[in-house]
Every structure is written in C-alpha cells, then in structure tokens.
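S.K.: Just need the whole structure built from these sequences, with the hints factored in.
Protein sequence lines correspond, in order, to chains S and L. For what it's worth, my numbering labels the leading residue of the first sequence as 1, then goes sequentially. For what it's worth, my numbering labels the leading residue of the second sequence as 1, then goes sequentially.
Please keep in mind that the hints were generated in silico from the structure rather than gathered at the bench. Just so you know, these numbers come straight off a predicted model, no measurement behind them. A couple of the hints might just be wrong.
Given that identical chains are not distinguished, each listed pair holds provided it fits within a single copy or across any two copies.
[Stated by the list, open to error] With a cut-off of at most 30 angstroms between alpha-carbon atoms, the simulated DSSO-like pairs for lysine-lysine come out as follows:
no.	residue 1	residue 2
1	Lys-165	Lys-17
2	Lys-80	Lys-10
3	Lys-165	Lys-10
4	Lys-24	Lys-10
5	Lys-189	Lys-24
6	Lys-24	Lys-56
7	Lys-165	Lys-24
8	Lys-17	Lys-80
9	Lys-10	Lys-56
10	Lys-17	Lys-160
11	Lys-189	Lys-17
12	Lys-160	Lys-189
13	Lys-10	Lys-160
14	Lys-24	Lys-160
15	Lys-56	Lys-17
16	Lys-80	Lys-56
Protein chains: 2
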Amino acid sequence: MEYTPAPLLKAAEQFAKLPGIGMKTAQRLAYHMLSLPIESVREFADGVRDARESVKFCSLCQNFTETVPCPVCSGNRNTKIICVVESPRDVSVFERTGGYDGVYHVLHGLLSPMDGTLPEDIRIRELMERLAGEVDEVIMATNPTIEGEATASYISRLIKTLGIKVSRLAYGLPAGASLEFADDVTLTKALENRNEI
Amino acid sequence: MEYTPAPLLKAAEQFAKLPGIGMKTAQRLAYHMLSLPIESVREFADGVRDARESVKFCSLCQNFTETVPCPVCSGNRNTKIICVVESPRDVSVFERTGGYDGVYHVLHGLLSPMDGTLPEDIRIRELMERLAGEVDEVIMATNPTIEGEATASYISRLIKTLGIKVSRLAYGLPAGASLEFADDVTLTKALENRNEI
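M.R.: Next up, the structure:
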C-alpha cells in the first residue's frame with residue numbers, strides 16, 4: 001500500500017542529495033515544506049535557483065560573484081599578492097578577519113588522486129595565466145590536510161619556475177582542521193607567520 | 001567589504017529557515033548548490049515546489065495525498081477504527097508495520113498551551129465530524145510526551161461523550177530494549193500493564 005505521495009518522496013530524494021543530509025532528515029525536511037505556506041516554499045525554491053542562476057565566476061580570481069570582476073578584484077587591493085584557496089567559502093573567512101589586503105585565487109577543489117581530481121580539474125591554469133602579470137608573492141592557503149598540502153606543493157613547484165615567491169600559511173592551524181572553522185585570531189596569525197616554501 | 005554575492009546569502013537564509021539547519025550548515029548548502037550543474041539545481045527547486053503545490057490534504061483523514069480521498073481512505077480498510085496521530089509521518093510508520101487495517105486521522109499538531117496551539121489549531125473538528133458516521137473505536141496514537149498525552153486526554157474526553165470506545169497505545173518496554181536503561185515511568189507503566197502469559 002502506497003501511503004506517501006510521490007511528489008513528497010521526490011522532494012525528500014532531492015533533499016537527500018544535499019551533503020550531510022540522510023534520508024531520514026530529508027523526509028523530515030520534505031514534510032516540513034508541506035506544512036509551510038505555499039509562498040514560503042516558492043520563496044525557498046526561487047532563492048536556491050536564483051543563487052545558482054545569477055552568480056557567476058569572477059574572470060580573475062574565479063570566486064563566485066554577481067559582477068565581473070568581483071568586488072575584491074575590482075576594489076582597491078594589492079594585486080601583487082595572491083592568496084590561493086580551495087573554495088569561495090575560504091575567501092569569506094579571510095575577508096572576515098579584515099587583515100589581508102591582497103587578492104585571491106579560488107581553485108574550486110584540491111588535487112586528489114583518490115577522487116580522480118587532476119590538475120586540469122581545478123583552476124590552476126587560470127592561476128598561472130594571472131602570474132604572467134606583475135605578481136610579487138603567491139600565498140598557498142589551502143587547508144592543512146593531505147590534499148591541501150599536496151595541492152600547495154604541486155602549485156608552488158609550478159610557480160617557483162617563474163621566479164615568483166611562494167609562501168604557505170603558518171602551521172598555527174591545527175593539522176586536520178578546516179579553514180572554515182578557524183577563529184579569526186588563529187587565521188590572522190597563520191597569515192602573518194606565513195613561510196616561504 | 002562585501003565578498004559574498006547577495007543571491008548566495010539569500011539562498012543560505014532560505015536553507016537556515018529549515019528545521020535543524022543552522023546558519024553555518026545553511027551556508028555550506030548554498031555554496032554546494034552553486035557547485036552543482038544548473039539542471040540539478042532546477043530539479044531540486046522544482047521538486048520541492050511541486051511537492052508543496054501538488055500535495056493536498058485528504059478530505060477524510062487529513063493526511064497528505066495526491067488524490068482525494070487518499071489511497072488509505074479509499075482502499076479496502078476497516079473504516080470503523082480510526083487511529084489518531086500527530087503527523088503524516090506517523091501514518092507512514094504505522095503503514096510500514098503492515099499490522100493495522102483501520103484508517104487514520106492526522107491532527108497536524110498537538111495541543112500546547114506553551115506554544116499557543118489550541119484545539120481549533122489542529123484538526124479535531126474534522127475528527128469529530130467523522131465520528132458522526134459508523135465508528136467503533138478511536139485509537140489515540142499521539143507520542144507519549146506531555147503534549148501527546150494532553151492531546152490524547154483532551155480528545156478522548158470529547159469522544160467519550162459520544163459513547164464511542166477510545167483506546168490509547170500501550171506504554172511499555174520497547175522491543176529489544178534493556179531493563180537497565182528503561183526510565184522509571186516506562187518501567188512502572190510496563191509493570192502496571194503486565195499481561196498474563
């Protein structure tokens with residue numbers, strides 16, 4: 001006997017595709033949606049869709065942005081220092097500290113032979129193109145994880161052949177942690193104590 | 001300096017409205033959406049919206065359904081026994097057991113003076129209307145919580161005036177549980193309601 005309406009199951013399946021959300025939570029969310037006013041649900045669906053449809057990549061730093069180039073790249077920043085991060089969230093985290101006036105480069109991923117992520121799958125080519133301009137230093141600010149280290153080391157080897165200084169965030173960060181959850185002081189210290197690699 | 005595109009923030013705010021999802025998780029989900037193919041995001045948004053738009057309430061049991069009356073109410077069931085539950089999810093749980101052939105009534109909430117949920121806010125009136133027909137027994141199957149008990153007791157008082165039998169789900173030890181971890185109330189109830197074997 002079928003007792004759950006098919007559209008409800010479909011909505012639950014969609015929620016279950018989200019990272020960190022299992023089938024049980026997904027069902028709860030789908031049921032929750034049905035209990036909301038139809039306007040709230042439309043607002044939710046449109047909000048999610050609009051974000052995906054209206055947000056583009058910055059042609060320079062590859063960060064998510066509404067305007068190209070992004071506010072950071074087109075702002076009054078020191079474009080001779082580029083901070084290389086894994087994801088757009090990491091840019092937000094650095095910007096929150098307010099202690100960095102250079103620009104960024106978002107890789108949108110990390111090298112991972114296990115997951116089959118190769119150099120051409122992340123935005124390394126775009127980074128190398130930017131280095132043709134006037135750049136004094138590249139700060140490798142990937143997470144202090146195995147993939148983060150491997151990616152930093154791979155990219156720094158490429159950059160060194162160009163004679164540009166490369167540095168790495170200081171190990172003020174606890175190994176295995178995620179940038180996203182670092183507190184501002186730790187992050188600022190890590191930035192200040194960066195070491196040439 | 002604004003570094004997060006407004007549509008992204010809006011999507012995160014929408015996710016944060018979901019139960020059990022905080023701002024941090026909401027942001028991660030919003031960023032995740034941007035990393036998906038645009039088709040997947042449309043599918044997600046449409047799936048959620050469709051569920052809300054196409055699912056109705058059954059005119060009899062008030063459960064979510066695509067067709068009115070719902071498959072349970074229009075199926076070959078014993079309509080003289082009505083099982084009263086808090087939410088549509090509870091119907092799914094009972095149906096999964098396969099051991100019940102009566103029909104249901106979904107209250108869509110529980111009485112809660114704390115939250116300001118009054119009898120007219122949940123579907124008690126609809127239940128009383130159904131009782132005008134031929135009904136032998138009403139099973140109160142709300143959760144064994146304070147609100148669940150209060151609601152069951154309120155409704156059973158109303159129904160008894162009609163001379164219809166009202167029963168309550170048995171309290172006792174859950175199958176597979178250990179006596180050691182049972183709470184006092186459960187254990188006392190299990191002792192009181194002991195059955196001859």
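S.K.: None of the hints should be skipped; say for each whether it holds.
M.R.: Evaluation of the provided hints:
1. In this assembly of identical chains, the alpha carbons of Lys-165 and Lys-17 never lie at most 30 angstroms apart, being 42 angstroms within a copy and 45 angstroms across copies at closest.
2. Proximity of Lys-80 and Lys-10 under a CA criterion of 30 angstroms is satisfied in neither setting, with 49 angstroms inside one chain copy and 33 angstroms between copies.
3. For the homomeric pair Lys-165 and Lys-10, neither the shortest alpha-carbon distance inside one copy (52 angstroms) nor that between copies (39 angstroms) is at most 30 angstroms.
4. Taking the shortest alpha-carbon separations for Lys-24 and Lys-10, both the intra-copy value of 14 angstroms and the inter-copy value of 26 angstroms come in at or below 30 angstroms.
5. In this assembly of identical chains, Lys-189 and Lys-24 lie within 30 angstroms of each other by CA distance solely across copies; the values are 23 angstroms between and 41 angstroms within a copy.
6. When the C-alpha separation of Lys-24 and Lys-56 is checked against a cutoff of 30 angstroms, the pair qualifies only between copies, where the shortest distance is 22 angstroms, while the shortest distance within a copy is 33 angstroms.
7. Proximity of Lys-165 to Lys-24 under the C-alpha cut-off of 30 angstroms is found in neither arrangement, the shortest distances being 50 angstroms within a copy and 34 angstroms between copies.
8. Taking CA atoms no more than 30 angstroms apart as the test, Lys-17 paired with Lys-80 passes in neither setting, with 40 angstroms inside one copy and 41 angstroms between copies.
9. Within a single copy, Lys-10 and Lys-56 get their C-alpha atoms as close as 28 angstroms, and across copies as close as 15 angstroms, so both meet the 30 angstroms cut-off.
10. In this homomeric assembly, Lys-17 and Lys-160 never come within 30 angstroms of each other (Cα to Cα): the closest approach is 41 angstroms inside a single copy and 47 angstroms across copies.
11. When the C-alpha separation of Lys-189 and Lys-17 is checked against a cutoff of 30 angstroms, the pair qualifies neither within a copy, at 37 angstroms, nor between copies, at 34 angstroms.
12. In this assembly of identical chains, the alpha carbons of Lys-160 and Lys-189 lie at most 30 angstroms apart only when taken from the same copy (23 angstroms versus 71 angstroms across copies).
13. Within a single copy, Lys-10 and Lys-160 get their C-alpha atoms no closer than 51 angstroms, and across copies no closer than 41 angstroms, so neither meets the 30 angstroms cut-off.
14. Taking the closest pair of Cα atoms, Lys-24 and Lys-160 never come within 30 angstroms of each other, the shortest separation being 50 angstroms inside a single copy and 37 angstroms across copies.
15. Taking the closest pair of Cα atoms, Lys-56 and Lys-17 come within 30 angstroms of each other both inside a single copy (23 angstroms) and across two copies (25 angstroms).
16. Taking identical chains as interchangeable, the C-alpha atoms of Lys-80 and Lys-56 lie at most 30 angstroms apart only when both belong to the same chain, with a minimum of 24 angstroms there against 59 angstroms between chains.
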